[in-house]
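> Below, each chain spelled out in residue letters.
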Amino acid sequence: MTAQTHTTGSGLPAGGALSGAVWQRMRGGSSLLPIVAALVGIWLILGAVNPAFLAPENLVNLTLQSAPVGVIALGVVLVLLVGEIDLSVGSLSGLAAAVVAVGSVTLGWPVALAIAVALACGAVVGLAYGALSTRLGLPSFVFTLAGLLFLAGVQLRVLGPLGSINLPFESWFVRSVQQGFLPAGVAWALVGGTVVASAVLQVVARARRRRADLACASLPQIVVRTAVLAAVLSGIVAYLYLGSARGLGWSVVLFALLVVITDVLLRRTRWGRSVRAVGGDRRAAMLAGVPVRRTVVLCFVVCSTLAALGGVLAAGRLGAANQGTGGADTYLVAIAAAVIGGTSLFGGRGSAWSAVLGVLVIQSIANGLTLMNVDQAARYMVTGAVLLLAIIIDMLLRKRREA
Amino acid sequence: MSDPILSLRGVSKRFGGVRALVDVDADVHEHEVLAVVGDNGAGKSTLAGVLAGAYRPDAGEVLLDGRPVVLGSPAAARALGIAAVFQELALVDDLDVVENLFLGHETRRGPLLDEVAMEREAWRLLDQLAASVPTVREPVRALSGGQRQVVAVARALLGSPRVVVLDEPTASLGVRQTAEVLNLIVRLRERGHAVVLVSHQAGDLQAVADRILVLRLGRVHDVFDGDASYEDLLAAMTGAVRPGAVRPGAKHPGPNRAVRR
Numbered sequence: 001m002t003a004q005t006h007t008t009g010s011g012l013p014a015g016g017a018l019s020g021a022v023w024q025r026m027r028g029g030s031s032l033l034p035i036v037a038a039l040v041g042i043w044l045i046l047g048a049v050n051p052a053f054l055a056p057e058n059l060v061n062l063t064l065q066s067a068p069v070g071v072i073a074l075g076v077v078l079v080l081l082v083g084e085i086d087l088s089v090g091s092l093s094g095l096a097a098a099v100v101a102v103g104s105v106t107l108g109w110p111v112a113l114a115i116a117v118a119l120a121c122g123a124v125v126g127l128a129y130g131a132l133s134t135r136l137g138l139p140s141f142v143f144t145l146a147g148l149l150f151l152a153g154v155q156l157r158v159l160g161p162l163g164s165i166n167l168p169f170e171s172w173f174v175r176s177v178q179q180g181f182l183p184a185g186v187a188w189a190l191v192g193g194t195v196v197a198s199a200v201l202q203v204v205a206r207a208r209r210r211r212a213d214l215a216c217a218s219l220p221q222i223v224v225r226t227a228v229l230a231a232v233l234s235g236i237v238a239y240l241y242l243g244s245a246r247g248l249g250w251s252v253v254l255f256a257l258l259v260v261i262t263d264v265l266l267r268r269t270r271w272g273r274s275v276r277a278v279g280g281d282r283r284a285a286m287l288a289g290v291p292v293r294r295t296v297v298l299c300f301v302v303c304s305t306l307a308a309l310g311g312v313l314a315a316g317r318l319g320a321a322n323q324g325t326g327g328a329d330t331y332l333v334a335i336a337a338a339v340i341g342g343t344s345l346f347g348g349r350g351s352a353w354s355a356v357l358g359v360l361v362i363q364s365i366a367n368g369l370t371l372m373n374v375d376q377a378a379r380y381m382v383t384g385a386v387l388l389l390a391i392i393i394d395m396l397l398r399k400r401r402e403a
Numbered sequence: 001m002s003d004p005i006l007s008l009r010g011v012s013k014r015f016g017g018v019r020a021l022v023d024v025d026a027d028v029h030e031h032e033v034l035a036v037v038g039d040n041g042a043g044k045s046t047l048a049g050v051l052a053g054a055y056r057p058d059a060g061e062v063l064l065d066g067r068p069v070v071l072g073s074p075a076a077a078r079a080l081g082i083a084a085v086f087q088e089l090a091l092v093d094d095l096d097v098v099e100n101l102f103l104g105h106e107t108r109r110g111p112l113l114d115e116v117a118m119e120r121e122a123w124r125l126l127d128q129l130a131a132s133v134p135t136v137r138e139p140v141r142a143l144s145g146g147q148r149q150v151v152a153v154a155r156a157l158l159g160s161p162r163v164v165v166l167d168e169p170t171a172s173l174g175v176r177q178t179a180e181v182l183n184l185i186v187r188l189r190e191r192g193h194a195v196v197l198v199s200h201q202a203g204d205l206q207a208v209a210d211r212i213l214v215l216r217l218g219r220v221h222d223v224f225d226g227d228a229s230y231e232d233l234l235a236a237m238t239g240a241v242r243p244g245a246v247r248p249g250a251k252h253p254g255p256n257r258a259v260r261r
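Here the protein sequences come in this chain order: A and B. Just so you know, we're using full-length UniProt numbering here: the first sequence kicks off at 1 and counts up by one. Just so you know, we're using full-length UniProt numbering here: the second sequence kicks off at 1 and counts up by one.
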């Protein structure tokens, strides 16, 4: 077989194979394009109704509001991918916030230690969930519902009779979450580094695939992709640092970093492949020799730890932990964000980026409607309608693929 | 005949109150296709499952090269050179061909997956099986029944196992695809693999089997040579009287028909 005919592996002309691949991804529901389009649409509508929404200062606020619940949603993406759910992420984030506050203020621990203990609490809860799921075979919907109540109780007990504890404003933790922003120069350096690294990686991958006689992206495609990435990243940075806008907060940078790491783990490592396989077809994965139990347990542990981290960030942002932290609709927003962002409730399909996009959609609606002086009632109703729409789309995609 | 690679000695397995296998002995040799037949519920798939490590026998032992082994999981069986293609194929629909082929034992470069090496190896295997799979980067849900079967067999061949267990590989296939799979089985035998073929399609067995083990109600009812007649097999599978064996004078196939239900 000559290199010429084998380059696409299928004998199809390269262009046909590539557009076919794009179509396949769209049909497989793994494309993020629809949700990006929806997000842009929502922004245009909200911006048209109230131009203040699109002001750089407000968008910076939007990113700061999104980071804590986004971190929680990222964990939810993982448990959904593996075909489970965690309803207790809100309570757990509230407990983590309480642990940080009580540890660092009441007990006088160093803040770093208090944060570490809070994250450890999350990991332990995740381990317990993993055991309940893989050893006893309990449905996660039920035991995480129990966890939701139990952990909310623990949160109240930890906070004690005061019910609310303020974190010292001077602590490095509160200052960096509330007022820590990436200097503009560093942000631009990051953008440049990311774009160059992406281009180099694509060119190297192309060279390897060419040597192996496999289908590979054409150079113009790489150029276009790199240009789009550069345009998007520099657009974001340029806008968020415009005028008096403060730019990228540390918590936002941490969230983005976690998303990128999770994305690489999911797409490029054996563990990530196990997660998708277990979520897609648990029995098939088991028969193929995938360590199903370990994969499920790890997803619960990472989800709970990220939920705890989300709670820590929320406490830092608020400068306090109280009985309401992580309560009310936190877990619903986190789960809704993952689903709206395109991660299937049925397991096996989804992306780390759906946490970002879903959270931005929900927080944009909340932020925009607040700017319009629309009350909480309407916000809940609009968010509920968007979630319903996302689930209907998920269901329809699934039906069509199974047809 | 050479010593068997894989043997079952007195293997029993029950599921709740159902005795799926009772005191089963079986031997698998290299360069040989051992067919396992039986009516529905005779224990064929359970036998395949025991050989492939999916089920642990309640009693009896599994011998590999004459030494007892415990096949605790399909992965453990694989590590010992026993690969299986299950009736339901065990492919993950959302994953593409390459991802399915290497699921559970992916090739890595450092900490990350080596997609290039895996994709190359996938094409090599599929070419070897003369498979007509259009692209290896398509979710397997988009493939036809025969293509899915080929992917499942190709996966079993990764790592050159000594024993390949195929559970009803032709059950859902058309005529042409069935012929392709049977060709594939002959090729496996020629390459020296021991093949265990579970089937209830008499045509498959007569085409490729060297020995035919008949299961009935979980017990080994009989072992035939590959050239056994359809009537003999059917009689053994259903428990009807074998014309010519028990009643040498009988000429009418009446008893067979009576139990065919």
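Any given hint might turn out to be false.
Derived contacts from chain A toward chain B, CB cut-off under 10 Å, selection only [unchecked claim]:
1. Gly163
2. Ala212
3. Arg267
Computed far set for chain B versus chain A, every beta-carbon distance over 12 Å [claimed, not checked]:
4. Gly10
5. Gly66
6. Ser73
7. Ala77
8. Thr107
9. Arg137
10. Arg155
11. Gly174
12. Asp210
13. Gly226
Every beta carbon over 12 Å from chain B, so not counted as near; a handful from chain A, in silico [claimed, not checked]:
14. Ala146
15. Gly185
16. Ala215
17. Ala277
18. Pro291
19. Gly319
20. Ile392
Hints listed in this document are in silico derivations from the structure and should not be mistaken for laboratory results. Please read all numbers here as calculations on a predicted model, not as lab measurements. In this text, a Cβ means the ideal position worked out from N, Cα and C, and glycines have one as well.
> Compare the structure with each hint and give your call.
Status of the hints after comparison with the structure:
1. Gly163: With Cβ-Cβ at 46 Å, over 10 Å, it is violated.
2. Ala212: At 5 Å from the nearest chain B Cβ, A/Ala212 passes the 10 Å test, so the hint holds.
3. Arg267: With Cβ-Cβ at 8 Å, under 10 Å, it holds.
4. Gly10: Per Cβ check, B/Gly10 is outside 12 Å of chain A; nearest 26 Å; holds.
5. Gly66: holds, 25 Å
6. Ser73: The assertion about B/Ser73 is violated, with a minimum of 7 Å to chain A.
7. Ala77: Non-interface label fails for B/Ala77: nearest chain A Cβ at 9 Å, not farther than 12 Å.
8. Thr107: Incorrect as stated: the minimum Cβ-Cβ distance to chain A is 10 Å, not above 12 Å.
9. Arg137: violated, 6 Å
10. Arg155: B/Arg155 not clear of chain A: closest Cβ-Cβ about 8 Å, inside 12 Å.
11. Gly174: Answer for B/Gly174: holds, closest chain A Cβ roughly 20 Å.
12. Asp210: Given that every Cβ of chain A is farther than 12 Å from that of B/Asp210, nearest at about 27 Å, it holds.
13. Gly226: Consistent with the label, B/Gly226 stays out of reach of chain A, its closest Cβ about 29 Å off (over 12 Å).
14. Ala146: holds, 30 Å
15. Gly185: Its Cβ never comes within 12 Å of chain B, the nearest being 31 Å, so this holds.
16. Ala215: Answer for A/Ala215: violated, closest chain B Cβ roughly 8 Å.
17. Ala277: Contrary to the label, A/Ala277 does not stay out of reach of chain B, its closest Cβ about 5 Å off (not over 12 Å).
18. Pro291: violated, 8 Å
19. Gly319: With a cut-off of 12 Å, A/Gly319 remains clear of chain B, as the shortest Cβ separation is near 39 Å.
20. Ile392: Fine: 20 Å to the nearest Cβ keeps A/Ile392 off the interface.
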